[in-house]
Structures are given as structure tokens and as C-alpha cells.
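Protein chains in written order, with full-length UniProt numbering: chain A, 1 to 288; chain B, 1 to 858.
It is worth saying that the hints were derived from the structure and are not from the lab. Glycine included, C-beta positions come from ideal geometry on N, C-alpha and C. You may find that some hints are simply not true.
Stated by the list, open to error - Non-contacting residues of chain B with respect to chain A, defined by C-beta distances greater than 12 Å in every case (computed): (1) V20; (2) Q52; (3) Q247; (4) D528; (5) R627; (6) T658; (7) P686; (8) E696; (9) V743; (10) D831.
Claimed, not checked - Derived CB-CB ranges, DEER-like: (11) A:A15 - B:R725: 42 to 50 Å; (12) A:D255 - B:K356: 19 to 27 Å; (13) B:A265 - A:V221: 58 to 66 Å.
These are the residues of each chain, in order.
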Amino acid sequence: MSPADTVTASAPGYAPGRTLPLRVEFVRQFRRRRTIVMFGLLLALPWVLVVAFQFGPASNGPGGGLRLSDLATQGGLNFAAFALSVSASFLLVVAVALFCGDTVASEASWSSLRYLLAAPVPRDRLLRQKLVVALAYSAAAVTVLPLMALLAGTLAFGWHDIRVPGTGEVIPAADVLPKFAVVIGYALVSQLVVAALAFLLSVGTDSPLGAVGGAVGLVIVSSILQAVEALGSLREFLPTFWNTAWLDALAPRPDYSGMVKGVAISVTYSAILVALAFRRFRRKDVVS
Amino acid sequence: MTFPGGRRALATVATLLVLVVGGLIWALWPGDEPVRGRDLTIPVLDGPADDQRVTLDATFFPPASGGRAPAVLLAHGFGGSKDSMRAQAARLAAQGYAVLTWSARGFGRSTGQIALNSPDYEVKDVRRLVDWLAARPEVRLDGPGDPRVGIAGGSYGGAIALMAAAYDRRIDAIVPQITWYDLADALFPDATGRGPAEGVFKKMWAGIFFSAGADRLAPDGGADASALAALTGAGRAGTAAVPTADQVRCGRFLPSICDMYQTVAETGRPTQAAVDMLRRSSPVSVPGRIRIPTLLIQGQHDSLFPLSQADANARAIAATGAPVEVAWYDGGHDGGDAEPDWAADRTTGWFDHWLKGSAAGGDGAPFTVSRDGGRDPGTRRTVLVHATSAAYPGLGGVRQTRVELAGPEQPVANPPGGSPASVSSVPGFGGLLGGAGGGSVSVALDMPGQFAAFESAALAAPVQVTGSPTVRIRVYGTGEATLFAKLYDTGGALPVLPSSLVAPLRVTATESGTPVTVTLPAVDRRFDAGHRFRLVVSTTDMGYATPAAPAVYRIGLDSPELTVPSDPALTTPATGPAWWTWVLPLVAVVVAAVLLLTGRAPRTAGRTDDDLADVPLVIRDLGKRYRNGEKAVDGLSFRVERGQVLGLLGPNGAGKTTTMRMLMGLIHPDEGEIRIFGTRVVPGAPVLSRLGSFVEGPGFLPHLTGRANLDLYWRATGRPAEDARMEEALEIAGLGAALDRAVRTYSQGMRQRLAIAQAMLGLPDLLVLDEPTNGLDPPQIAEMRRVLKAYAERGRTVIVSSHLLGEVEQTCSHVVVMHRGRLVSAGPVGDLLGATTHVNGSGPRLEDVFLDLIGESR
């Protein structure tokens, strides 16, 4: 085929809808050191906790404290709830911010972004594919930790019914498992804000650490603000305010109203932030 | 040449910060200037014969709204003074009330002696205060000498509100808090209902109560009716001045009251005179005379004036037909949260309704109970919710549940001297322990051998108790037994004595067993499923006077039934998902859609100009400004034909790279257009698939190998693998074995070659290379020239930018010279060289040519 024959606008075989397939983007991200290190950390943390509990001084006998940390050794489910509670406020935030904040900014810093755009991968499609993959990695991070904790806790402490912190009531393990799925699902949704914010920052900067740090920083500021009770009900609209509401699902009488509010806030922020990211990227002059 | 990429992100973060800080300031900004009170003294005449002159120390807060407003008298608690009420007074004044606070006689800087809200003394004082209010120009009048006035206050101040309402018809509404109906019954309670004459002396509370009034040297009193503050205050008293014997004995109490207390406290038994005297200071003595709207706020943590006192007040006032509302809040003399904001709001709401006549009075309901509402999801701290019901059911409840108790007849001993004693609550220390607040911690302690216990089976379903449970027991033995009944919630981590309350009773024991019905303390508590009711009857309690003589009784159940009252109508208003739970996400989705739809840049998407379909590149009037307005590219026009190797020549900053970025659709031209094969270039235009590019250095994923990078790049274009011509491209890269190493290990030259190979993947019709020979060694440069020429010979087109003239000369057939964003010269390389003078006779030096061209442009 001589070039003179080509009158079509695009090269043969090119179709915008086939550019940057998800599989390709998964492979591009997977081999990265930070991906592997982050997952390694998330998978190792439950075992580190198990070891810590095994070797630490046996503080509580029966009838001891009723905090979540005191009950962590009651069984696999208790341990998983504990692992989730200690990691949700920071470790998982960092993981999600990393996967979503790094995705576009790192391409910009490697200069590979411009070659993808000139391939051409249409901008909306590029963002969409990257967002889907980043969210998938984030979801994997949020899911893998409690699941590994469940495994580690069950092997270390046995498979027992869950004991609820505060009241010490016992709920059968079979009843709790579906609730545990709800808890993980809620943890995912509540991290959406972090994901969306990191993604927006990622689109706007060439510095991956800036995007990750910015998102984590905002979470920290929000957590500090929510401790200011003078703000009253205004705090309910802080993006992190409902992050621990999943504890309500494990109560003997689960109360989902906090979680519903949390989902509403999370969806609200993330919808707008993601829309801003797309809008911004469409108009952006890519100069990196 | 950088467009600061993070600026917009920075602006976003800055905006968020401003919003957050703004919200903080908005929330924390001090409200309106607090209303200033005017301190004054009001001389009054009181006493049985109206002949005793007393000067009341008072503060008047004019209404912030101006004009004539309803008045509110704010009365302080025992041991307090008008200063205790200052904050609440300022708040009410700001809400449009004329507020008068005063120190009751015998407190603060007021003169006179404490007469325990006697109709002859304190009540008369209040009547004079109402007279005083009637003369104020700020106070609204219902008639001559009759101001529109309400009274609010807690404990001692609550009782004066009730008593004044009974003796002065001009008072229109009252809000008594944590106060008594029958002071004799409060100090000598008896759970069998035989009245104070047979009651058990509440010695610790009575002592604290009395000593608070005896604190004659603390001019401003304590902070509130805080017994603890009064206790420590009393300790300070002796250091200031040496008091007289009478002062240390009676403090500021009226001698007759002092004498009564001394007698009663010594014996632990009330005299009829004492009961009469206490009752004259109590609403029980004025049946049917309180006929005005009354909001009774009583504490759930109050072993001094328990909920039964408010219940009696409510029944007495409601019997006259007056509107009554009852609230059991999370406070009282034993501590708890005290809910100051909620109580103040309810009080204002009550007065707004009954004094101002506004329609809605806050979240008022005939019966309100503060309950544990779980934890605040943000702070994880306990929050309170307010369950309401449309009618006040009384302590007997609307529905009665029977719970079976079991337990054998058990002997109990009364220890000689009454010591050691069981502990339920510690009067005056409730606030310190703070445990009463959550209801989950209690200090309750029973002494072995001194109590009998009867327990229910584990509850199959939760049982809510709202009111006073009752139970029938039998007391075997001889003589008069003083006993204390209490109902524990067991089954949790620790047994809990709800609200730390006990029911004292006095029974004459018989060998055949005396049956008595015990009314247990009124509480609001849910006994969870799996928990048990545990009735404990003990012989001692630290807070009460118990007989010193040792004795043994046997306690058994007369009936196994424990009657538990509840009010099913009492429900927490269904908070449900707040409206914003649904609205916010919907609004957000709409906003997001608007952001996305309006975000489409209005550009005529790549329409093809068929005439130019065979022309690789046409640039017309292209212009691009930096943010600062300086032009990076200005009016640039040129055309590239098939088969050309075009050199884009210019010094650094001439606009070459900016032009190439626009060519790739990375940045948007401000003016003009670029057409590739007749199709206008916009970001992501499909025609870009016919363009191969290498601009401003290579861009690879450093963690992947060179081969994987090229492979993934090609897969990212979505085009068939066989179109890639991967082998040809790899040959050009010439990386050999290095191809399977991670790119991060490559030298600059290797990356450069790999990038050029990437640009050539799929053998694009138009190849754009920016400074392709940078970082290559001379043999590689020569090879690169050969490759580029060969590439163009196959009918394809190559554009090479460079600031090196020699390179352009040797590689290119045509040249475009740019300087400061403008086109300086365009044409075949030979023309460019031929037009220049030879300087050294050794052929044209490109440098000279270029300098000449730039010179022309100046």
C-alpha cells in the first residue's frame, strides 16, 4: 500500500475506541515498584500485627477492655475489623491516593503522556481508562488488606464469632460475614473522595508526589477539622467525617444511616472532582 | 519555556483552603456583642409581718430588641448567686427578653437569711421583684402593675419558680429544673409510700445542702448549686476571718431552720415540725395554686431530687388544667452531660410560646427523654438523642411488662454502726466521676453479707424501662429494718446500677414476714437482650442514715413479679436519611454533567479539506501566546510536501518545539490552524495516527524494558500488531541485548534511539523529530541521517527540527527558519545557502547564513 493511496483521515486499523485498552494500562502500572511495594505492605501488615499480638504482653484476660484493639485477638473476624480500623484512616488513604494521584502525573513526569496523546489516545478516553485502572488498583488495595487480615487472624486466633467493642456482645460469624462485605464496600466508597481528589491533582501537576501528598494532606486537614466540635453539623459535610461509620454495621443493631450519609457525601465530592478533572484535562496544554 | 502545570491545581487547593478557613471563621466567630447587665440593688420588705428590710443584689439585662419585652426572672441554685446566671441571662436578653437575676436572700451580696424558699421570705422577695419589673419601661405589661413575666431556675431556683407561681398570679410561665415537689419527701424518702414521717434520712445530701448555705464567707457563692464547690468553699472559709460561734453553727440560715436541721440530722428521724416546715417551702403545700404553663426539666442523674419529684409536680399542676411538659434530661445533681444548650433552647422555646405567643416552641413535646444516641461518627463520642411522646405517662408508664425474678429467702446483716456501707452514688461527686453520664459506668458496690439478690432469667428480647418498676418483697425478723432496694442491669461487662439510684425503705419486720411493695427509682434504660434484671436489697447505703444497732433480717420475694413500666409512644423522632443525603449526590451529578458538557472546547473537529488530503502538513497563521502574553509562535505559515525532509531551524526559544507540540495536538493554538493531510489538528484527532513524533526528549516507562515499552506503546494505539513494523523500528534503535533491560538503565543516547524507533513504529506518513541527533555519537548521527533520507525516499515526509545548521544542511532537502516565533525564511536548502555571500571563500558558513537571516528579521 503506497502512501499516495491513503485518503482516509486516519492510519489504517486505527480506531479511537480501541486505544489504550485496560489490559495494557494494567500491565503498564503493574510492574511498577511502588505498586508492588504497596501491595506487599498491605499483605504483610496483618502478619506483622499477628506477630505483634503474639509477642506483646498478654494484657487482657477475659472481661478485660472492650475496645476494638483489646478484642483483636478474639478471632479472625475481630482481627480483620481491627486491622481495617487501624489502617483505614491513613494507610489505605495513602494507598488510594498513590494509585489515583500517581497515574497521570507520573506519565507526565516520564514524558510518556505526550506520546500517548499523540498516538493519539483521545484525552477523555485516556483519563477514563486511567481512572478505571487506578480505581481497580485502589479497590484491590482496600479489599486485600481486610481479606488477608481475615486469613491471618483466622490462622492465628481461630474462627470465632465476633465480639462487638463497647458492649462485648457476641454476634455469630455467619451473620457477620455479609456485613463484613458491606464494611469493605463502604470502606471502598468512602475512599472515593480521596481517589477523586488525588486524580484531579494528578491531572493538574507533573509531580506524582505532589498529587499524592495533596490528597493525603487534605484528608489530614479534614480529619483535624472534624475534631473541632464548634463546627457543629457543618462537620457532617467534611469528606472524612463518616469514614468510621462502617463500625455501625458491626453493631448488634446495625445502624446504616451514618453510612448512607457517608456514601452521599463521598459520591457528591467525587462526582464533582472527577468531572473537574476531565474538564481540566480536556482544555489543558500538555507541556511536560 | 514552561507553562506551570501545577498552577491550576494550586488554585484548586487554595480555593478549598479558603472555603475551609472561611467555614471555620464563620462557625467560630463570636456572636453579637453580649448584652450588658446593669447591676443594682433592690430593697424589699418581707417576713411574716412584712417588716424585715432586705437588700437584694440584682442585675437587670434590658432586652436587646429594645421596646417593651416580656420579662424573665432567673433564679440561681443553692450555694450560687446572681453571677451563676449571668451567661444564661445575657443569652435570653439577646433573644428579646428583659431579664432580671438576683441573689436570693442569704446568698451572694444580698442581705438577710436563708429561709428555704419560704412563702414569708423568698416568695415575698420575688413578688417585690415582679413589682419592680412592672415599673420598668422595658417590660411589657398585661395590666397595670402586672408585667408579662416568666421564671426559670434550677434546684433552689426551680423551687422558687414554683412557689412564686403559687403565690403571685402575675407570673405567666415557669421552667423549674431539677427541683423538688416535697422537700421533706426528698430528704426523707420512703419507697413504700408511707411519706417522709417514716422516711430514711438522706444524710449526705442534706449535709451538703446545709453546708452550702453555711458558707457565709463566700460572697459570690459557688459556680452553681455545685455541692462540691460549696464543700471546698467551706474549707476556705476559716482562713479569711475568724467566724463567730453562731456563724459556724448556722451560717446564713434562719435560726429556726438551723435548729430544725440540727435536731433532724442528729437523730436521723424527722419531727412533725420539721416535715411541716419543709413542706411549707414545697409545692406540695400549695395544691391547685400553680395554674400556669410549666415546663419541668428533671435530671436522670439526681439522687437528691429524683424524677419522682418532677412527676409529682407535673401531676399537681396538670390537675389544674394548666399545660405541663416534662423533660428527663441527661443531668441532675449527680452529674451527667447537663445539656446546657438543649436546656436553654427548651427554656427559650417555652417562653417564646407562652410569653411572646409565637407558634412553635422549639422541639417541644409533652414528654421528652434524653437517651444515648450512639456515637458521633466524626469524634466517636457519645451523643444524646431526645425521644419524645405526645403525652406524659407518669412513672407508672403506659404499658407494664412483668419480669420473673427468682431467688431464695436470704439473710442480711445490718453492721454495727452502719459501717461499712454499700455505695450507690456519692453525693456531690457525681460530676467529678463523670461516670453517671454514659450510664455504663457505675460506682455501685454492695457489701457481702449485707444484701439479698434476686435475678431474672436472661432476657430474650430487650426490655425498655421508663418509669418506676415495682416489686413486692417480704422482710422477716424483728424490729424496724432500714433497707435499700436497687435494680441492676447485669450481663454486660460489669453490672450497672442505672443512674446510681436506690430506693430506701423502712419496714417493721415480723417473723412471718412483712410484705411491702417497693417502688424502685424512676429511670429510663433499655435492658438489652441477654442481660438480666437483678434486684438487690441491702441494709446500708453510704448516702443515708442507717441504724447503728446490729441486726439480721431475712429477705424474700413476696411475688416473683417485677412490674416494669414503659412508654412505647416514646420514640426518637425518625431522623431518617437527611434530605441532603439524596439531594447532594443528585446535584453533584448534575453539576458534574454541566462541567463536562460545557467543558467541550468549541472547536470544529477535524474536518478534512479534500484539496489538501495529499499534503502532509499545512500551517496557516499559527499563533500561540504564553500565559504572560508573550508570543511563542506568531503568524507562522508554511507547507510541507510529500517526500521532503524539512529542517525546522532556529535558535533556542524560536518556537520550534511549541509548533511541534501544536502539531501533535498537545497544546491548543490561539490562532490559525494546522492541517495534516488536509485534516485540521485538534487534540486526539484521528489523523494524528499518521504522525510519528519525537519531541523534547524520550518518554518511557522507566521500569519496563525497551522492548516492552515499544510493545505497550503500540498496543496503546489500538492498531493491529502486524502494522507496527516492530523489527524495522528495532533495527533503527540498534539497541541489541539492551532492549531487554529496563529503560531506567539506558544512557541518554540509547533512550534517544529508542524514542526515534518508537516514532517510526507503524512507519507513519509524517515523521516529526525534534533535535533527533542530540546525544548521539558521530557514527550514529551519520546513520541517523541515512535513515531519515531513506525514510523520505519511500514517499514519506520527515520534519526535523534543529538548532545545528550543519545538520540541517546535510540531512534536509528543505528548510524553514524561525526566529522569535516568526517565519524568517522557507525554501530548499540550496536556495538558502546560495543566497548568502561567501565569507572565507570556503563555501557558505551556515552560522553566517543564519545570523544574516536573523539580522534581516531585526
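Each hint, compared with the structure:
1. Remark: the non-interface label on V20 (chain B) conflicts with the geometry, its nearest Cβ contact in chain A lying 7 Å away (cut-off 12 Å).
2. The beta carbon of Q52 (chain B) sits about 48 Å from the closest Cβ of chain A, which is more than 12 Å, so the claim that it is off the interface holds.
3. No Cβ of chain A approaches the Cβ of Q247 (chain B) within 12 Å, the least distance being about 45 Å, so the stated non-interface status holds.
4. Against the 12 Å criterion, D528 (chain B) falls within the reach of chain A, whose nearest CB is about 7 Å from its own CB.
5. For R627 (chain B), the condition that its CB be more than 12 Å from all CB atoms of chain A is violated, with the nearest at approximately 10 Å.
6. A Cβ of chain A approaches the Cβ of T658 (chain B) within 12 Å, the least distance being about 9 Å, so the stated non-interface status is violated.
7. A beta-carbon of chain A is positioned within 12 Å of the beta-carbon of P686 (chain B); the least distance is around 4 Å.
8. Not every CB of chain A lies more than 12 Å from the CB of E696 (chain B), the least distance being 7 Å, so the non-interface label is violated.
9. Non-interface status of V743 (chain B) relative to chain A is broken: a Cβ of that chain comes within 12 Å, the nearest being about 9 Å off.
10. The beta carbon of D831 (chain B) is kept farther than 12 Å from every beta carbon of chain A, the shortest such distance being approximately 26 Å.
11. Here the CB-CB span from A15 (chain A) to R725 (chain B) is close to 19 Å, at odds with the stated 42 to 50 Å.
12. The beta-carbon spacing between D255 (chain A) and K356 (chain B), approximately 38 Å, falls outside the hinted interval of 19 to 27 Å.
13. Range check, A265 (chain B) to V221 (chain A): about 59 Å between beta-carbon atoms, so the 58 to 66 Å window is met.
Against the hints set out earlier in the document, violations occur for numbers 1, 4, 5, 6, 7, 8, 9, 11, 12.
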